[in-house]
Amino acid sequence: MNDTIDPITLAVLTGRMEQIADEMDATLFRAAFNPIIAEAHDASHGLYHADTGDTLVQGKSGLPIFVGVMAFAVKAVIDKAAEVGDLIEGDTYIFNDAHLGGTHLSDMRLVRPYFRDGELFCYLASVGHWHDVGGAVPGNYNPSATEAFQEAFVLPPVKLIRGGEMQQDIVDILVRNTRIPQSAMGDLNGQLGALDLGQKRLDELLDDYGVATVKMALDALGDRADALMRGELATLPDGRWEAVDYLDNDGITDKALPIKVALEIQGDQMSLDFDGTAPVTAGPVNIALPTAVATAYVAIKHIFPDLPANAGVMRSVDVRVPQGSLLAAEFPAPVGGYTETILRMIDVIFSAAAQATPERVVANAYGTINALSIAGKRANGQSWVMFSFYGGGHGGSIEGDGLNHGNAPISTATIPPMEILEATYPVMFRVWALRPDSAGAGQHRGGLGATYEIELLEEKADVFLFGERGRFSPNGVAGGEGGAMNVFKFEQSDGWNEPPLVSKMLGIKLKKGQAVRLQTPGGGGYGPPRKRIAAAVARDVALGYLTPEKATEFYGSAWAEVSS
Amino acid sequence: MTRLIGVDVGGTFTDIFVLDEESGTASVSKVPTTWPDQSDGFLDGIARQVDDLSTVGVVVHGTTAGTNALLERKGAKIGIITTHGLRDVLEMRRRDRPQTWGLRGAFEPIVPRDLRLEVSERTLADGTVRTPVDLDEVLRAAQLLLDLECVAVAILFANSYANSENEQTAVEAVRKFWPNPHVSSSSEILPEIREFERFSTTALNAYLQPEVSGYINRLDTALKGDGFGGEFMIVQSNGGVMGTDSACRQPVRTALSGPAAGVMAAGCIAQTAGFENVITGDMGGTSFDVAIIADGKSMLSQQTSIDFGMVIRAPMIEITTIGAGGGSIAWVDRGGFLNIGPESAGAMPGPVAYAQGNTRPTVTDANVVLGRIDPNSPIGGKLDRLDVKAAANAIAEHVGSKLNLSSEEAAEAILRVANSRMAGAIRLVSIERGFDPKRFVFMPFGGGGALHTAAMLRDVGIGRAIIPRYPGVISAMGCVIADMRQDFVQTINARTMTLDVEGLRDCMQSHIDVGMAALDTAQSRFTTRDIVVELDMAYVGQTHTVAVPLSVTVVDGTVATPTQAEIEAAFDKAYLATFSRLLRNGDRRIMNLRTAVVGKRPKFDLSALAPIGGSVETARTGSRPVHFGNAWYQTVIYDRLKLPVGSEIRGPAILVQPDTTVLIDPGLTGRVDAFGNTVIELSEV
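Chains as they are written, first to last, in the working numbering: chain A, 1 to 564; chain B, 1001 to 1685.
The set of hints was computed from the structure by calculation and includes no laboratory data.
Treat the hints with care, since some could be wrong.
Stated by the list, open to error - Calculated cross-link-like contacts (lysine to any residue; reagent style SDA-like; alpha-carbon spacing at most 20 Å):
| hint | chain 1 | residue 1 | chain 2 | residue 2 |
| --- | --- | --- | --- | --- |
| 1 | A | K377 | A | G507 |
| 2 | B | K1402 | A | T4 |
| 3 | A | K60 | B | K1402 |
| 4 | A | K200 | B | R1439 |
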C-alpha cells in the first residue's frame, strides 16, 4: 500500500480544491443582496478538517481576516455536535456568536459536514457579513455597547438544516431579528447556494480521484504548509523581540490600552506572547480568542505572502494570549470594534518581527478603520445614514515608499466613490485629497494619509465616529519614523472642535453648511530618514507631499540644494 | 475597390488578412513588427499582398499602440485641471492595494501631482451649479501646464455627469487656447457617475492621444500616398470598428483593440461552423487569455485595469488572463511542490530550447522535450532549430531531480500542472458567469493553444475543440469581420416611480443621432443598423447594478418613449434571471443609460477559406516519436493546410502549419470541416 501521494497529482488536486473554494466565493458574491458581501467581498469559504476544523483550503477572494478565523467557526460546530452527539448527513449549522467563531456578530457562519459513503470526510463552511442582525444600532457598529446583547442578536451554533430538512423555525427567528429581512434571506440563500456548489464539486473531485487519494492530498497540503513555514522561520535568526503599542481608549474611559507582544524564534519555531496587554474593557474594543489567533495568522501571512491558506502554517507558531486580557474577552463582553484592536495587534507583530528581519517587514500602516456615520432626516421626512470607512497610508518597506491611501491590512474593501456618496446622501465633499506631511519619515517613507472634509447640505444631522490612532502614531521600522496621527474635527457655530476622546464620538450635531474633517494617518517609514536621498525629499516637496518646513524638520536641509 | 484588408500588429509579428469580396478568396501573411515605428511593418505587410492599393476598399487595423503606451507608460506628458479639493482623486484611486498579501508596492499616477491643478468651480450631485467656473483660473492653469511642457490636457470636474455646464465652459475656453487638439473632458469621454473611474479614463485618453493619433495619422498619410482611396478604420476594445477621426479623439477605446478583434473572429468562425457557445483560449508567451462567447455574443465588461490603478471604463470584450503561457517557468518550491509561473521567460530570452540565455525550464521546453514541437522547424522562423538537449537538462535539473522523476516524467508533470491551471481558468470564467463549460466548444488560437486541447476536453469536460484554419492570424481576420459600433453612456440616477421618461427618451435620441451620423459618413456598406439599449439598474440601496436590456422602437430615426411599466418589467426579468428572486415592493432605480449603435457589415463566406482538393495521403509529411502519458508513440505528421475537407485523423497525430502546431492526442480524432477548421473530439471507440 502506497501511502504517499505523487507530487504532480498533489499539485493538480490542490488547484482543483482551491478552485472549489474560489467557486464558492464567486457564487456568493454574485448572489448576495447586500453590498458588503457583493462589493466589499466581506465573506469567505473553504474546506475544513473533519476532526480538528483546521483550514484545509480557502478561497482567495474573501476577506483576509477570515483566512485564520474560519477554523474556529468549524471547531465550534464540531464541539457542539460532539456535545449533543447527533451529527448526521444533510445537516447544516448556522451561528453568529463571535466569542465562539471570532470577528463580530455581523458575520453569519454556515457550517456543513460533508459525508462520503456514510463517513464524515470534511466540513464546508461559508461566512458572510450580513447587513443587519438586530441590536441597538442599524448595521451593528455600536460604539457605546457594553455587552454583546446591545450589538446584535446572538445565535449559537444550531441546525438550520437537519438531515436535509430545512428548520423553518430557525429561519423565522432570523427573519424576526433583522431590520432588513429581504437582504438577510438573500444572503442566506446565497450562502446555502455556495455550500451546495462546494458539495457538488467535492462529489465530482472524489469521483475522479477517490477518497483515499484526496485524503492523502489534504494531509500532504498541511504538511507542505508546515514545511514552508518552517523553511521561512529557519532563515530567520533566533532570538526574542518585544514591541508595545496602544489603543487611544475604549470609547468610554479616556485611558490608553497597551497591546504588547514578545516574538520569539527558536530554530523553526515561533511564539507570539501577548502578556502585558490591557485587560478586558467596558467598551467594544475587545476581541475573542479566535480572533486573536486568526489575527496572528494574518500578520504572518503579510510577512510571508507566499504561504498557503492552510492551518499547517500555524503548527510551528505558538500564540499565547493571557486570560482576562482584551484579546481573549469572554461572552458577553462587547467586540463590535474588533477591527481597531486587530489592526493594532498586526502593528505590534510587525514592529517585533522587523527587529528580527527588517527586510521582510513593512512599517505600520495607518491602523484605523475610521467608521464614520452621518445620519439625519431629509425635508420629506425620510431618514438617511451615510456609513463608510476611510483609507490611509501604508508603511514603507525595503523595496520603496509606502502606498498612498490604501485599505486596511485586514480587508481588501474599496471606498465608495465620492460622487456615489454625494448622489445618495445630502453631503458635499469640500476636500477628498492626500494629506501632506502625514507620511512617516524614513529612507523609504510611509504612504500618505488622506483628508476628507464633508459638508452637510440638509438642515441638521448627527455624526458618530469610531476611530483610533488619535494619540499614538503608526510606527516606523528599522529606524523609520512614525506617520501622522488621526485628526478629527467638526464645525460648530463657534468654529472647529475636537472630540474629547480624540477619534471616538457619538451624537455630534451638525447644521446645514457645517462640516466634519477627517485627516487619516500616514504609514510609518522604513529605515532612518537620514538615509533618504536628498533628490527624493526634493521631489516630495516639489509634488507637495511634504511642506518645505517639515522636509527640513524630518530630513535636514540638504534637499534644498538638490533639484528634484 | 472590392478588397478588404485586416491588419493586426502584435509584439512580434504583423499579420495581414486580405479578403477579395468579388472572387471570394482570402490570403494571409505575416511580417516582423517594426520598432519603434510600427507603420513600416504595417505598410510592408500590405505591399506583399497587394500591388495596387486603389483596388482596396477598406483597411481595418487592430492596434496595440495604445496598449503598449499604457503598459510601458510611454504616453505623453499631460496635465489635468480639476475641481478645487479634488486634485488627488487620480492618485487615491478607490483605496485599494496592488496585492492582497504583503502590503508592498506603491503607485505612480500617470500625471504627477504638480501637473494636477485645481480651479474654483463646483456642481452638486443633483446638477445644481454651486460655484460657477472661474475661467481666468482655468486659463491660468492651462498656461501653467503649457509652461511645464504638457502636450495634452484633461478637464475633470466633479459631478459633470449630472451637469456638464461648468466643465464644458472650461473645455471650450481651453480648446480655444490650447495649441493642439489634445484636450479631453470627462463629460465627453464618459458622462457616468464615479469620479475616479471617469477621471482615470479621461486622463488616460489624454495620455494616449498625442501618441495614438500621431501613429494613426502617419498610417493614414502613408496609405493615401500609396494610392489608397478607401476607408481606414480602427478596431475598438468593444470588438467594433470606428473611423480614424473617432480613434484620434478617443484613443482610450483602442486599449484592447487587437485581442478584441481575435474574439470577434473566433465567434464568427464558431458560429459559421455551427457552435453558438465558445470559450476561446489564446496562449502566448507569458499568458493564457480566455474569453467567452455565449449564444453567439461575446461578453462585454464595462471596465478593466490595464495595471494597478490604471482603470479604463469603457465597454470591452471581456478577456481573463492567467500567467500560464509557453514561456512560464516551472519550479519546485521548498515544500516540494511543482509550480508554473508567474515568472516567465517571455519571448526574450524565451524557453531554454531557444538557447538565448534562459536556463530555467518553461512550458514550451516540456513540449519540446516530449516531441510535441518540431525542433527542426520552430514556429515563427526566427530560429533555425531548437536545443532539445538543453531543454531536457534544464527540466532534469530544476524539476526532475527534485521530484525524483526522469526528464520525460518531469516534462509530462509540467504539462499536467500547466494544463490544470488553464483548465481551472476556463472553469472559473464560465462558472462565475453562470455557464456550464460542458455546453461550450473550446477554440484555441495563438501559437501554443492548439498543443493543449486534450486537457481542456478531458479536465474541463468540454465536448469538442475547434481550431480555426488560420489560428495565427485570427485578430487580423477579426478586423475584416467586425461591425462598426459606437457605445454611449449617460448617468440617469433616477427612481423608476419618478422617472422623467421623456428626458430618458431625449437622451437615447441624442445617442442614436450621433451614432447614425457616424454610420452615414462611413464609406462602408451596412446590411442592417442595430440599436441596442441597456439600463444599469438596481433596487434603491443596492450598489451593484444589473444590465437590463430594453427593447425600443425606432421609426425613421426617431425613438419612441418607453413607459415606466416597460422599464420595470424589463428590470424584473433581468433581475430574476441573475438572482432568481425579486424584492417585493422594492423601489427600482436607473443608474445609467447605455446605447450602442451598430452598423452590421456584410459577412463574407468563410468557406472561401476551405481547402480545395488534396488528400490525407499527400498531406502526410512523415512521423516522429512523441511522448503522451507515459510512453513514446510514433506519431504521424501532416501538413495541415493540405488536408481536404472531411479528412478524419485519429490521434496520436500532429498537424503542422507555418505558425501553429495542432496536437491530436491518443484517443482523440480530428476532422476537417467544410470551412477548413479542425474539429477535435474524443474518438468513438
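Open item on the list: Tell me if the straight-line CA distance from B:K1402 to A:T4 falls inside 20 Å.
Closed with: Roughly 16 Å separates the two Cα atoms, so the pair holds.
Open item on the list: Given the hinted pair A:K377 and A:G507, is their Cα-Cα distance within 20 Å?
Closed with: holds, 14 Å
Open item on the list: Between the alpha carbons of A:K200 and B:R1439, is the straight-line distance 20 Å or under?
Closed with: holds, 18 Å
Open item on the list: Please verify whether A:K60 and B:K1402 have alpha carbons no more than 20 Å apart.
Closed with: At roughly 28 Å apart (the allowed maximum being 20 Å), B:K1402 and A:K60 break the hint.
Checked against the numbered hints given earlier, this structure breaks only hint 3.
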